[in-house]
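Student: Chains as they are written, first to last, in numbering that gives the first Met the number 0: chain Z, 0 to 490; chain W, 0 to 216.
Please note that a few of the clues may not be correct.
[Claimed, not checked] Result set (SDA-like, lysine to any residue): computed pairs, CA atoms no more than 25 Å apart in a straight line:
id, chain 1, residue 1, chain 2, residue 2
1, Z, Lys317, W, Lys63
2, W, Lys55, Z, Asp437
3, W, Lys85, Z, Lys403
4, Z, Lys269, W, Gly80
5, Z, Lys317, Z, Thr292
6, Z, Lys317, W, Gly80
7, W, Lys55, Z, Thr292
8, Z, Lys479, W, Lys55
9, W, Lys85, Z, His279
10, W, Lys85, Z, Leu289
11, W, Lys63, Z, Arg441
12, Z, Lys403, W, Lys55
13, Z, Lys317, W, Asp31
Because the hints were derived from the structure by calculation, they are not lab data.
Since we're looking at a predicted model, the values are computed, not measured.
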Amino acid sequence: MNWLPQSIRWHLQMWHGLLLLVVLGGFGMTAWKLEQGSEMGRVDAEIQPLTAVALGMFHRPRDGPGPPGGGPPGGPPRRPRDLFDPLSSLAEDRPPPPPTAIEIDNWLSDVGEQDGFFVAWGFRGEPLIQRGALARSIQRPDSADYTPLAPRAETLMIAGTPVRVMVVATPNEDIAVIGRVITPELARLESLKWSLAGLGAGVWLVGFFVGWWLTGRALRPIQTISAAATRIADGHLNERINVAETKNELGDLANVLNGSFDKLEHSIEKQAEFTADAAHELRTPVSVVLTQTQLALARERDAAEYRDALAACERAAKRMSSLTESLLQLSRLDAHAEPMHMQTIDLSDVVVETAEMLRPLADERGVTLEVHVEPARCQGDAEKLGQVFTNLLSNALHHSSAGKRVHLRCGMNGEGTKASVEDEGSGIAAQHLPFLFDRFYRADESRNRNTGGAGLGLAICKAIVAQHHGSIEARSEPGKGSTFVVKLPAV
Amino acid sequence: MRLLVVEDEPDLLSIVCKALREEGYAVDSAADGEEGLYKATEWDYDAVVLDLMLPKLHGIDVLKRLRAIKKTPVLLLTARGRVSDKVQGLDAGADDYLPKPFDLNELFARLRSVIRRSQGEAKNELVVQDVVINCSARTVKKAGALVDLTAREYALVEHLALRRGKLVTRTQLYEHLFDENDASMSNLLDVHVSNIRKKLGHEFIVTRRGHGYCIEA
Numbered sequence: 000m001n002w003l004p005q006s007i008r009w010h011l012q013m014w015h016g017l018l019l020l021v022v023l024g025g026f027g028m029t030a031w032k033l034e035q036g037s038e039m040g041r042v043d044a045e046i047q048p049l050t051a052v053a054l055g056m057f058h059r060p061r062d063g064p065g066p067p068g069g070g071p072p073g074g075p076p077r078r079p080r081d082l083f084d085p086l087s088s089l090a091e092d093r094p095p096p097p098p099t100a101i102e103i104d105n106w107l108s109d110v111g112e113q114d115g116f117f118v119a120w121g122f123r124g125e126p127l128i129q130r131g132a133l134a135r136s137i138q139r140p141d142s143a144d145y146t147p148l149a150p151r152a153e154t155l156m157i158a159g160t161p162v163r164v165m166v167v168a169t170p171n172e173d174i175a176v177i178g179r180v181i182t183p184e185l186a187r188l189e190s191l192k193w194s195l196a197g198l199g200a201g202v203w204l205v206g207f208f209v210g211w212w213l214t215g216r217a218l219r220p221i222q223t224i225s226a227a228a229t230r231i232a233d234g235h236l237n238e239r240i241n242v243a244e245t246k247n248e249l250g251d252l253a254n255v256l257n258g259s260f261d262k263l264e265h266s267i268e269k270q271a272e273f274t275a276d277a278a279h280e281l282r283t284p285v286s287v288v289l290t291q292t293q294l295a296l297a298r299e300r301d302a303a304e305y306r307d308a309l310a311a312c313e314r315a316a317k318r319m320s321s322l323t324e325s326l327l328q329l330s331r332l333d334a335h336a337e338p339m340h341m342q343t344i345d346l347s348d349v350v351v352e353t354a355e356m357l358r359p360l361a362d363e364r365g366v367t368l369e370v371h372v373e374p375a376r377c378q379g380d381a382e383k384l385g386q387v388f389t390n391l392l393s394n395a396l397h398h399s400s401a402g403k404r405v406h407l408r409c410g411m412n413g414e415g416t417k418a419s420v421e422d423e424g425s426g427i428a429a430q431h432l433p434f435l436f437d438r439f440y441r442a443d444e445s446r447n448r449n450t451g452g453a454g455l456g457l458a459i460c461k462a463i464v465a466q467h468h469g470s471i472e473a474r475s476e477p478g479k480g481s482t483f484v485v486k487l488p489a490v
Numbered sequence: 000m001r002l003l004v005v006e007d008e009p010d011l012l013s014i015v016c017k018a019l020r021e022e023g024y025a026v027d028s029a030a031d032g033e034e035g036l037y038k039a040t041e042w043d044y045d046a047v048v049l050d051l052m053l054p055k056l057h058g059i060d061v062l063k064r065l066r067a068i069k070k071t072p073v074l075l076l077t078a079r080g081r082v083s084d085k086v087q088g089l090d091a092g093a094d095d096y097l098p099k100p101f102d103l104n105e106l107f108a109r110l111r112s113v114i115r116r117s118q119g120e121a122k123n124e125l126v127v128q129d130v131v132i133n134c135s136a137r138t139v140k141k142a143g144a145l146v147d148l149t150a151r152e153y154a155l156v157e158h159l160a161l162r163r164g165k166l167v168t169r170t171q172l173y174e175h176l177f178d179e180n181d182a183s184m185s186n187l188l189d190v191h192v193s194n195i196r197k198k199l200g201h202e203f204i205v206t207r208r209g210h211g212y213c214i215e216a
């Protein structure tokens with residue numbers, strides 16, 4: 000069925016049309032059949048009383064005038080069995096020649112027609128006998144399976160004319176048929192048939208088109224939604240599907256779609272912002288390289304000037320390199336493509352190792368590291384978690400002035416593993432706290448960009464901790480210090 | 000000409016200052032917004048080169064607070080290059096906007112343009128009697144012949160020529176020809192004036208004893 004349009008509307012229409020056809024057809028045929036039955040029943044009811052009259056004709060004595068209603072001329076009817084036994088002799092005659100059509104007609108009009116009703120019987124109506132149904136019923140009375148013929152009504156064609164008859168057995172076991180021509184009835188039925196057909200076709204057509212209109216109306220919202228969604232997806236992300244009615248199923252669908260578009264727009268905005276921020280961060284080191292080299296090349300300079308320029312370029316290049324590495328790591332983490340070797344590890348080992356690695360920096364800044372750890376089993380990638388704590392500890396050290404302390408803690412509780420880095424530095428203002436882990440967010444602008452990095456460190460920490468199904472949060476009191484807490488789920 | 004450069008990236012700050020000094024400007028520097036605002040309000044710079052992403056005080060706030068008091072030309076030099084940033088910066092009172100990374104020559108030209116406009120000059124050339132001063136080429140011609148001036152001498156001539164007809168005090172000259180890094184002696188000024196008179200004619204610079212100098216219109 001591939002050549003048919005695949006749309007829902009067409010499918011609905013096809014099924015609707017088919018159903019309607021079946022229903023209307025069934026209804027029409029039933030109605031016609033009922034009418035036919037009732038018409039025939041009416042005719043039969045007319046014939047019924049005449050059956051007795053006709054049978055009475057066969058009782059009349061042979062000699063004497065024919066019955067007023069007309070009896071068989073030329074003697075008693077031959078018994079049907081004679082017809083089947085050509086060798087049986089009949090007193091009178093040779094087997095009568097098969098009646099010609101004209102003869103039958105004439106005979107019909109001669110014999111027994113009265114008020115439109117006629118009587119015919121057995122042997123004369125050879126064609127009658129040879130009609131399938133009647134032929135079967137003619138049997139020799141002395142044959143084993145002879146059953147007396149029960150009167151029944153039939154519709155037959157005699158010489159091209161439709162007749163409705165009652166078929167009865169005569170007393171001498173011939174077959175008699177009493178009935179009348181039903182051409183008018185049949186014509187009426189025929190016209191009824193055509194009327195019903197015409198009406199049915201008309202109703203079907205109307206129903207079909209009403210259905211078409213209804214499905215169109217019902218499906219229009221889908222088209223509207225589809226058109227709006229296409230337009231939005233093509234780039235007009237700030238638009239939304241217009242939901243006129245919000246209570247029906249399509250309204251729900253539109254709302255769900257609008258919700259998805261909200262998320263999509265937000266996500267794309269965030270991405271664009273991220274990309275813009277990343278490019279922006281690169282601009283300053285690029286600017287340094289460009290300006291330094293432009294100036295260095297502007298005129299003849301001595302070696303020391305060239306060295307200074309090149310050293311500045313190197314610093315800028317390192318900045319750019321570290322920035323791109325961080326960006327790449329973040330994008331891998333986002334795509335869940337950063338290789339994580341999850342094993343059962345002791346988080347306290349990671350914390351202690353990190354403390355040892357950064358001890359020289361702490362000493363340099365005059366900050367004391369205090370490590371309070373207990374064994375803390377968890378599932379994780381030791382190297383990546385090490386990166387997290389290195390970042391947190393180095394932030395803490397940079398925020399602490401000489402003489403202050405930084406506390407490293409690690410332990411287990413009912414919910415899992417918890418580790419924290421607490422400093423006694425300047426603290427972070429409450430307004431920054433919600434954005435601290437955002438990409439490129441730098442709460443403390445006074446930290447020189449050279450040492451501070453681009454603001455991606457905490458974002459990377461958050462992404463790594465998220466991959467471990469854990470959480471990271473910051474608490475701070477300006478003037479007193481800050482604490483960063485990492486929680487990992489129980490193994 | 001004395002300029003102020005406010006930029007928090009040290010490598011960039013040092014190189015821009017150096018480049019501008021090589022161009023003949025006296026250059027002061029500031030590494031954060033507060034210092035930048037302080038210096039800009041304290042002295043009358045010929046122009047300020049201002050970065051936006053500054054610690055302590057955002058560049059836009061520096062600009063707005065400066066504009067409340069002074070009309071010093073400000074050129075924004077910043078990594079933020081979106082149209083909305085430019086519009087915000089210019090509407091806040093900046094005279095020009097140059098995104099990073101930038102070409103040094105473009106920076107020089109835009110500075111000259113911004114300073115020229117603030118001095119009320121329409122052209123790059125200043126003509127005083129038979130002396131023609133080309134501000135972009137930093138050359139001086141007397142009667143069509145090129146006159147060899149040192150950078151300081153040129154700066155002095157340019158400064159006085161831009162204010163021709165008006166008196167310029169010695170203090171003002173100091174403030175505009177020497178930056179904070181110069182440990183200059185005051186009589187250096189007299190030496191420069193004397194040298195200029197030798198090259199351009201004694202009447203070129205007029206001394207108002209006790210007040211200052213001027214070039215007559």
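Student: Hint by hint, say whether it matches the structure.
Tutor: Tested hints:
no.: 1; hint: Z:Lys317 to W:Lys63; verdict: violated (35 Å)
no.: 2; hint: W:Lys55 to Z:Asp437; verdict: holds (21 Å)
no.: 3; hint: W:Lys85 to Z:Lys403; verdict: violated (43 Å)
no.: 4; hint: Z:Lys269 to W:Gly80; verdict: holds (18 Å)
no.: 5; hint: Z:Lys317 to Z:Thr292; verdict: holds (16 Å)
no.: 6; hint: Z:Lys317 to W:Gly80; verdict: holds (23 Å)
no.: 7; hint: W:Lys55 to Z:Thr292; verdict: violated (30 Å)
no.: 8; hint: Z:Lys479 to W:Lys55; verdict: holds (20 Å)
no.: 9; hint: W:Lys85 to Z:His279; verdict: holds (14 Å)
no.: 10; hint: W:Lys85 to Z:Leu289; verdict: holds (22 Å)
no.: 11; hint: W:Lys63 to Z:Arg441; verdict: holds (23 Å)
no.: 12; hint: Z:Lys403 to W:Lys55; verdict: holds (24 Å)
no.: 13; hint: Z:Lys317 to W:Asp31; verdict: holds (23 Å)
This entry does not satisfy hints 1, 3, 7, going by the numbered hints stated previously.
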